[in-house]
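According to our numbering, the sequence shown is numbered sequentially starting from 1.
There could be a bad hint or two in this list.
Each pair of labels, with its calculated beta carbon distance range [as the list claims (entries may be wrong)]:
| id | residue 1 | residue 2 | range |
| --- | --- | --- | --- |
| 1 | Leu475 | Gln229 | 23 to 31 Å |
| 2 | Ser382 | Ser309 | 24 to 32 Å |
| 3 | Leu197 | Leu475 | 23 to 31 Å |
| 4 | Leu131 | Pro103 | 32 to 40 Å |
Under the rule of at most 25 Å between Cα atoms (straight-line distance), these lysine-lysine pairs were calculated in the DSS-like manner [stated by the list, open to error]:
| id | residue 1 | residue 2 |
| --- | --- | --- |
| 5 | Lys160 | Lys472 |
| 6 | Lys365 | Lys160 |
| 7 | Lys353 | Lys379 |
| 8 | Lys365 | Lys472 |
| 9 | Lys184 | Lys105 |
| 10 | Lys472 | Lys482 |
| 11 | Lys353 | Lys365 |
| 12 | Lys160 | Lys316 |
| 13 | Lys303 | Lys316 |
| 14 | Lys184 | Lys353 |
| 15 | Lys482 | Lys436 |
| 16 | Lys184 | Lys482 |
| 17 | Lys184 | Lys230 |
| 18 | Lys302 | Lys316 |
| 19 | Lys105 | Lys436 |
| 20 | Lys472 | Lys436 |
| 21 | Lys105 | Lys230 |
No lab work stands behind these hints: they were computed from the structure.
As the structure is a prediction and not an experimental result, all values here were calculated from the model.
No residue lacks a Cβ here, since even glycine has one placed at the ideal position from N, Cα and C.
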Amino acid sequence: MTIFFSAAIYFVAIIIVATADHSLLRRYIPSLGFIFVLMYGVTYGLGLMLWRSDPSSLFGYGSLSTRGALDALLNYFSIGILSLSASYGICRVFLTRFRKILPQKSLAELSWPHIENLSSLSFLLITLSVLAISVMSFLGLFARSPAIQAQILQSSTIAKIIIGSSIISRLAPVGFFLIPFVWKQWSFSLRFLITTLLSVWQVIAISSGSRGLLISLPVYLIIGALCWQKIPLRLLLISLFAGALLFLPLAEHLRISREGDQSVPELKRAFQTFQIGKQLMGTSHEFYLALSPTHCSADLTKKLSEDLSAAIIYDKGVKSFPDNSLARWNVVGLYDNCLNRTLSLRNFDGFHKLPLGLLPSTFYKDSPNLFDGQELSEKLSSTLDLKPGEISYATISLFADSWWRWGWSGLVFGPATIGALLAAYQSFLSWMIGNKLVVGLLAQFLVVTLICTWINNTILTMTWYLFWDLPKSWLELIVLLKVLSRLPLRRISAGSS
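Just need the whole structure built from these sequences, with the hints factored in.
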């Protein structure tokens with residue numbers, strides 16, 4: 001399946017979702033289905049483009065395995081995204097007959113009567129989020145070691161509250177998203193305060209090496225501007241281009257400072273913008289999952305015949321080298337393990353965790369963890385005998401998870417099931433907007449938080465997002481808004497410019 005054919009399929013998927021959610025999108029209300037399909041297009045489209053432009057960034061040189069695995073990922077994506085969008089579109093059309101017709105107004109017009117409350121809410125969320133990120137940095141929660149993070153979470157009640165309440169991942173983005181709408185509502189002094197708080201956010205993001213936090217602020221501001229205001233296309237394109245020129249080198253610098261090992265000179269990495277493709281795509285696991293033993297065999301034969309040092313390493317046995325030796329992780333060993341690996345289908349493995357997995361451990365101590373992406377990446381690492389961290393700790397995506405479970409048929413069944421769930425969820429939110437405007441809009445605002453939360457997650461993890469994480473954050477926003485309506489904070493943020 002060629003890139004152009006896959007691009008055409010993705011374009012069809014966009015049309016299907018946009019048609020199904022036309023009543024929302026023409027009011028500049030970001031829909032759940034559109035956000036999902038858009039995010040997949042950005043991550044896979046940009047990631048595949050960068051990886052195919054520089055396949056040597058994966059194995060150290062362009063290989064049959066590299067190209068074969070990338071083509072497989074393209075096939076997974078094409079079938080999966082079409083299945084998801086088709087299921088979403090069909091279910092949305094069917095469910096619209098049960099919803100109340102929305103007012104013929106834009107998002108800004110719908111929200112204007114409530115601007116004072118939304119202004120106060122944005123101010124509070126930004127303040128809380130900067131406070132939370134400062135505490136997280138002080139506690140060491142930005143450490144790259146999962147073991148250290150787990151230890152901090154177990155010993156610190158404050159850390160549990162910050163992570164459990166989703167202040168950073170859910171509530172903060174809503175505050176950012178509202179800024180373009182409420183900016184003129186704020187006084188000059190308040191704007192200065194907000195600007196200072198947002199600057200503190202970015203400084204901590206840079207100092208902690210968190211590219212996700214670094215990019216989240218400008219992304220949500222841009223999305224908010226698109227939803228709340230009419231921006232000339234030329235200005236938007238110039239802003240995006242300028243932002244990319246600024247962000248990519250900075251993000252690469254953070255990657256090097258975070259991942260480089262100064263004690264091993266060979267591990268000092270040069271600035272390579274194409275490497276960002278791995279992070280944008282979030283599918284370095286899937287690449288290894290899609291490796292073809294046939295391609296690996298051809299690669300290995302070629303490598304041994306052309307590279308004397310590789311042949312020496314292979315004859316000695318890769319495992320005989322020290323763990324901290326770069327040769328220990330030579331591509332020869334990777335190809336050898338790829339050639340001889342056995343990886344069985346997952347089928348319904350992990351589904352026994354439902355529904356108890358939707359209960360937070362705070363309420364049910366033995367609640368099983370539905371975040372199985374790291375577990376799967378460790379399984380892949382063990383199968384291929386990769387060095388720890390060679391497969392990133394992002395997650396297996398929905399499409400790769402479906403293929404790993406049920407093969408090619410899973411690429412139809414898995415995404416279609418998630419698409420139907422998304423359609424039911426969005427139909428409920430639309431009904432809420434038509435009946436309880438502010439309550440419904442707050443839930444819809446939460447949809448945009450999926451932009452920078454890696455939606456490339458497994459079926460179980462995405463179920464957790466939809467049935468626990470989003471509803472919990474929705475309830476928190478409603479409670480905060482109710483509290484704000486009784487506090488003088490409303491007057492603080494109500495000054496004119």
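Going down the list of hints, with the structure as the test:
1. Leu475 / Gln229: 23 to 31 Å: holds (29 Å)
2. Ser382 / Ser309: 24 to 32 Å: holds (27 Å)
3. Leu197 / Leu475: 23 to 31 Å: Check passed, 25 Å falls within 23 to 31 Å.
4. Leu131 / Pro103: 32 to 40 Å: Once the Cβ atoms are compared, 37 Å apart, the range 32 to 40 Å for Pro103 and Leu131 holds.
5. Lys160 / Lys472: Measuring from Cα to Cα gives roughly 15 Å; hence the hint holds.
6. Lys365 / Lys160: Answer holds: Lys365 to Lys160 is near 14 Å, not above 25 Å.
7. Lys353 / Lys379: holds (18 Å)
8. Lys365 / Lys472: Distance ~18 Å between Lys365 and Lys472 Cα, so the pair holds.
9. Lys184 / Lys105: The hint holds at about 21 Å.
10. Lys472 / Lys482: holds (16 Å)
11. Lys353 / Lys365: Measuring from Cα to Cα gives roughly 14 Å; hence the hint holds.
12. Lys160 / Lys316: violated (48 Å)
13. Lys303 / Lys316: Holds - the C-alpha atoms of Lys316 and Lys303 are around 15 Å apart, at most 25 Å.
14. Lys184 / Lys353: Violated, because 48 Å separates the two Cα atoms, which is more than 25 Å.
15. Lys482 / Lys436: Holds: Lys482 and Lys436 sit about 14 Å apart, inside 25 Å.
16. Lys184 / Lys482: With Cα atoms ~23 Å apart, Lys184 and Lys482 stay inside 25 Å; holds.
17. Lys184 / Lys230: holds (15 Å)
18. Lys302 / Lys316: holds (18 Å)
19. Lys105 / Lys436: holds (15 Å)
20. Lys472 / Lys436: OK: Lys472 and Lys436 at ~18 Å, within 25 Å.
21. Lys105 / Lys230: holds (15 Å)
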